[in-house]
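Peer 1: Residue numbers (our numbering), protein chains in the order written: chain A, 51 to 422; chain B, 790 to 854; chain C, 96 to 634.
No lab work stands behind these hints, which were simulated from the structure alone.
A couple of the hints might just be wrong.
To be verified - In silico lysine-lysine, DSS-like type, Cα no more than 27 Å apart, as pairs:
| no. | chain 1 | residue 1 | chain 2 | residue 2 |
| --- | --- | --- | --- | --- |
| 1 | B | Lys-825 | C | Lys-327 |
| 2 | C | Lys-609 | C | Lys-565 |
| 3 | C | Lys-327 | C | Lys-121 |
| 4 | A | Lys-257 | C | Lys-327 |
| 5 | C | Lys-609 | B | Lys-823 |
| 6 | A | Lys-257 | C | Lys-584 |
| 7 | C | Lys-565 | B | Lys-825 |
| 8 | C | Lys-565 | B | Lys-823 |
| 9 | C | Lys-327 | C | Lys-301 |
| 10 | C | Lys-319 | C | Lys-597 |
| 11 | A | Lys-129 | B | Lys-831 |
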Amino acid sequence: MEPRQITVIQASAVLVSTIIGVGVLALPLFAVRAADSGGPLVTLLAVLLAFVGLALITWLGIRFPDQTIIRYSEVIIGKWLAWIGSMLIILFFAVLTSLTAREFGEVVVTSVLKETPVEVTVIVMLLLATISTRHGITTFAHIHTFYVPFLLIPVLVIVALSLKNAEAINLLPILGNEPSGMLKGTLTIAALFQGAFILTAVIPSMKHPEKAMKASVWGMVIAGGLYIIIVAATISVFGSEEIKQLLWPTLELAKATTLPANILERLDAAFLAVWVTAVFTTLFSSYFFTIYAMSHLFRLREHKLFSYFILPFVFVMAMLPTNIVQMYEIIENVGRIGLIITTGYPGLLLIVSILRKKRGNRIADKKVDQND
Amino acid sequence: MLGGYTIGYLYYVITLFIMSGLFILYVDVKDFQKAKQKKEWKVSRFIGWFNLIIGFITLIGNWVI
Amino acid sequence: MPTRKIKRMVTKPFVSGPSKVLDKHKGEKISTNIESTITFIQGIMGMNEDLTIRRFHVFGQHQAVIMYFSNMVNQSTVNVDIVKALMYVPPHLIGRTIEINQLIDVLMNDALYHSESRLEGELTVLVDSLLRGETVVTVEGLSHSVIINTRYIDKRSIEQPATEQVIRGPREGFIEPLGTNISLIRYRLQSPDLRIETMEIGRRTKSKVAVCYMEGITNPELVKEVNNRLSKIDIDTVMDSGYLEQFIEDNHYSPFPQVQYTERPDKVVANLAEGRVSILVDGSPLALVVPTVFNQFYQTVEDYTERFVLMSSIRLARLIALVFSLVFPAIYVSIISYNPELIPTEFAVAVAGGRAGVPFPAVVEVIIIEISMEVLREATIRLPQQVGGALSIVGVLVIGQAAVAAGFASPITVVIIALTTIGSFATPAYNAALALRLLRFPLIILAGIFGLYGVMIGLILIANHLLSLKSFGVPYLSPLIPVDFQGLKDLLIRGPLWLMNKRPAFLKTVDETKVSETMFEELEKASTNVLDPLNDKNQ
Chain A
51 MEPRQITVIQ
61 ASAVLVSTII
71 GVGVLALPLF
81 AVRAADSGGP
91 LVTLLAVLLA
101 FVGLALITWL
111 GIRFPDQTII
121 RYSEVIIGKW
131 LAWIGSMLII
141 LFFAVLTSLT
151 AREFGEVVVT
161 SVLKETPVEV
171 TVIVMLLLAT
181 ISTRHGITTF
191 AHIHTFYVPF
201 LLIPVLVIVA
211 LSLKNAEAIN
221 LLPILGNEPS
231 GMLKGTLTIA
241 ALFQGAFILT
251 AVIPSMKHPE
261 KAMKASVWGM
271 VIAGGLYIII
281 VAATISVFGS
291 EEIKQLLWPT
301 LELAKATTLP
311 ANILERLDAA
321 FLAVWVTAVF
331 TTLFSSYFFT
341 IYAMSHLFRL
351 REHKLFSYFI
361 LPFVFVMAML
371 PTNIVQMYEI
381 IENVGRIGLI
391 ITTGYPGLLL
401 IVSILRKKRG
411 NRIADKKVDQ
421 ND
Chain B
790 MLGGYTIGYL
800 YYVITLFIMS
810 GLFILYVDVK
820 DFQKAKQKKE
830 WKVSRFIGWF
840 NLIIGFITLI
850 GNWVI
Chain C
96 MPTRKIKRMV
106 TKPFVSGPSK
116 VLDKHKGEKI
126 STNIESTITF
136 IQGIMGMNED
146 LTIRRFHVFG
156 QHQAVIMYFS
166 NMVNQSTVNV
176 DIVKALMYVP
186 PHLIGRTIEI
196 NQLIDVLMND
206 ALYHSESRLE
216 GELTVLVDSL
226 LRGETVVTVE
236 GLSHSVIINT
246 RYIDKRSIEQ
256 PATEQVIRGP
266 REGFIEPLGT
276 NISLIRYRLQ
286 SPDLRIETME
296 IGRRTKSKVA
306 VCYMEGITNP
316 ELVKEVNNRL
326 SKIDIDTVMD
336 SGYLEQFIED
346 NHYSPFPQVQ
356 YTERPDKVVA
366 NLAEGRVSIL
376 VDGSPLALVV
386 PTVFNQFYQT
396 VEDYTERFVL
406 MSSIRLARLI
416 ALVFSLVFPA
426 IYVSIISYNP
436 ELIPTEFAVA
446 VAGGRAGVPF
456 PAVVEVIIIE
466 ISMEVLREAT
476 IRLPQQVGGA
486 LSIVGVLVIG
496 QAAVAAGFAS
506 PITVVIIALT
516 TIGSFATPAY
526 NAALALRLLR
536 FPLIILAGIF
546 GLYGVMIGLI
556 LIANHLLSLK
566 SFGVPYLSPL
576 IPVDFQGLKD
586 LLIRGPLWLM
596 NKRPAFLKTV
606 DETKVSETMF
616 EELEKASTNV
626 LDPLNDKNQ
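Chain A with its partners taken away, still in its complex shape:
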């Protein structure tokens, strides 16, 4: 196990870049399908819901600062039940990885590389993740911290430039025409935040695990805020009815934007290039979590042996949906199941641990590191 080196800033960077991923393209569509022009509100509700889940995980992590969820779940509910829970988590994240890779491949093949088989794009992205996950968790945090500016700045720039075409009246009414779809929409969008579960693996390697809540808040504020801004910008530019016709509204937003002085037009290709980074970081996180959790489950000290092992399996799972429509259906269903796993299971663990008065090593007992 590596010494604890991850700072609060790095932990929030991990959260931000994991959450901002492949869902960014289809996000406005989900929001609008659920609540028409109430899209930003639905997104806000989803952010709050996701934050509840994240807060549960953070609380648990602060309670057990030296162990990942795989280990402390064994302490809380006993070995066999925890094993089942952990296996479910690992399986869920493997499926999440495969779906992310597949969604990525579909977008690429549809928009740009029309002649490439989707298998190739999926394999390339999975290989990228495989190679990068062979390093330790500190390098993992470094990589995320490095890429965060490259994610945030282009998105903000595109949003800012697109406001030229925006009409605020598209954002009204705020509650949307059919508030009844809001609940389902909230759940669907909250599922986009599930990658944040990676925090359970990051907290044991943080220098100051007691500050993890700060990292969670910041991560959620930045990522969630960015999502809300994107939804608001897309709706104000296109209007909610138009978006229902678009599969990837954010992409269309980039397409409609031009840089001042006509330096570059039709920025969607450039935007996609930046989006590759966002997908990579998300995929990297879920792939890493899968093999890291596996290594903890089997009490091994290294996780890199699993990196190439699960590659074929994840690939097979990624290719199982036969077309885009089926893929999105599966994503929605898996997302909902995932909410149970990422929010319900930690909630259960937390309640049981409070009832049974189980705690990890107290943070106050640890020696304070001098070179901080």
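With the hints as your guide, set chains B and C onto chain A.
Peer 2: Chains B and C in isolation, oriented as in the chain A frame:
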């Protein structure tokens, strides 16, 4: 062709299984042997062979069926 | 699965040659009979014509012999300070007879005029010292020989290094002899903290290697690690510091260098003062500096000697040139082949017109021109001075123009490749420029296959590799990742000297402060200038 489904990506899968198996056996096993981590060495040897065998079975199975 | 054993260099004894004989005699004492000493040395050295063995009488009484390699010694020193001094009895001892048992004392303390002399009792050490250019004096009846350091080897004059030229800054560069290099460092760091420890590496070359560091600044663990890695090196020859670099680096397969080298003493001194360790090798004008981080590769000495506002902008320009030299051709290929809609329409027409007659796809064309550019570059290095300059201009212009006219390159490609190559020269560190130069090719191929995606994937791979690379434990992209606010002042821009008041945190130095805290306040105070008309007291 099981149950009417044809999978066009079968050859990709076979390649991935075989290559990942080979990679694990040649790189990871050697690294763990050098670092004298017995448990990791055994596990990686197992999963390396596992992937390799699945790859070959799928290859042969595809031929036969 | 077969697991091959890793071959490790085991310290083998010498297999053949005079070195083997020398090994056998290790530890033997010098006999009092000088004939046996002379026979031994002649046996080992064989028929070397430059080995001079000259017999004479010490103080007119005792048989003695002086041995040296005539091409490695300062002949006048040997003549005047040794032979003459030993042939004449010292003035204050004239008339007294000097017995054998007093002779050593008299020789060392009264007769020999040379300051660097010592006594030696072992036979094999005589051979070693002869090979270093020292002179050996053996006297009949004495069990010890006198060894005098008379080493003198012709060296070139100190001039500005060809690869690291500056406009504002010292024009001195290291030369081959280690002694001169150490003197160049010492006079710049006239502090008792400077420590220079030497060791010998290379079984046949026995090259002297000096490890320099500042005690009280450098982390002692770092020094220990450097010495550790150097002591593990067991090879035959060490021709240059580059040989050492390849043994002490962390990752042998990475294209990026983890050890910096320089020919300038002021750069070495600046790095030593920051808390790094420097390694010098006798016979090589290039000093190694460890540990290295990526941002050192686009910093130059001028950045610090000139004023900060201007040099910050120039440093940014350098950084842009560096990035350009990596990605420009790849982006060009991907935009032309896959995403032409990104280019503004008028320009796109021009590009299309230029590429109209070219038979190859953009990838192949770019790769052909790139490879020819690399070949041209290699060729120009080896051309003699007079021919080189003209030929390179002629080569680039004429051949490029001819290629365009012949129709297998488009003008825009030639322009892009030329700009890229010039951009790669803007990188001050040659080894880093090499890395980026070569990484261009995989990026171009990826761009040709996958378009902008390929470029992004290639860049992600490179970035991930850089993020995981470490040099002596320091993450390669410090101070960017992990974030260190002090270091960020020197990353993209060059902060003012009085603001850069701490040493880089990643070096974990013992003493942190560079600039005293009161310095800033001192600067803030308005200075009273007599020459300022406002301050004129006579008004």
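Peer 1: Within 27 Å, alpha carbon to alpha carbon, are Lys-319 of chain C and Lys-597 of chain C?
Peer 2: 23 Å, holds
Peer 1: Taken at face value, is the distance from the CA of Lys-301 of chain C to the CA of Lys-327 of chain C at most 27 Å?
Peer 2: 15 Å, holds
Peer 1: Has the given pair, Lys-609 of chain C with Lys-565 of chain C, been kept, meaning a C-alpha gap of at most 27 Å?
Peer 2: 25 Å, holds
Peer 1: Taking only the CA atoms, is the gap from Lys-565 of chain C to Lys-825 of chain B under or equal to 27 Å?
Peer 2: Measuring from Cα to Cα gives roughly 23 Å; hence the hint holds.
Peer 1: Decide if the proposed pair is consistent with the structure: Lys-129 of chain A and Lys-831 of chain B, CA atoms, cutoff 27 Å inclusive.
Peer 2: Roughly 24 Å between the alpha carbons, so the hint for Lys-129 of chain A and Lys-831 of chain B holds.
Peer 1: Quick one, are Lys-327 of chain C and Lys-121 of chain C close enough, alpha carbons at most 27 Å?
Peer 2: OK: Lys-327 of chain C and Lys-121 of chain C at ~22 Å, within 27 Å.
Peer 1: Do the alpha carbons of Lys-257 of chain A and Lys-584 of chain C lie within 27 Å of each other, as the hint requires?
Peer 2: Given pair Lys-257 of chain A, Lys-584 of chain C holds - Cα atoms ~24 Å apart, limit 27 Å.
Peer 1: Next pair to validate is Lys-609 of chain C with Lys-823 of chain B; report whether the Cα-Cα distance is within 27 Å.
Peer 2: The given pair, whose Cα atoms are some 43 Å apart, is violated under the 27 Å limit.
Peer 1: Taken at face value, is the distance from the CA of Lys-327 of chain C to the CA of Lys-257 of chain A at most 27 Å?
Peer 2: Distance of about 35 Å is beyond 27 Å: violated.
Peer 1: Is Lys-825 of chain B close enough to Lys-327 of chain C, meaning Cα to Cα at most 27 Å?
Peer 2: Roughly 21 Å between the alpha carbons, so the hint for Lys-825 of chain B and Lys-327 of chain C holds.
Peer 1: Lys-565 of chain C and Lys-823 of chain B were given as a pair; does the straight-line alpha-carbon distance stay at or below 27 Å?
Peer 2: Given pair Lys-565 of chain C, Lys-823 of chain B holds - Cα atoms ~21 Å apart, limit 27 Å.
In this structure, the hints that do not hold are numbers 4, 5, in rising order.
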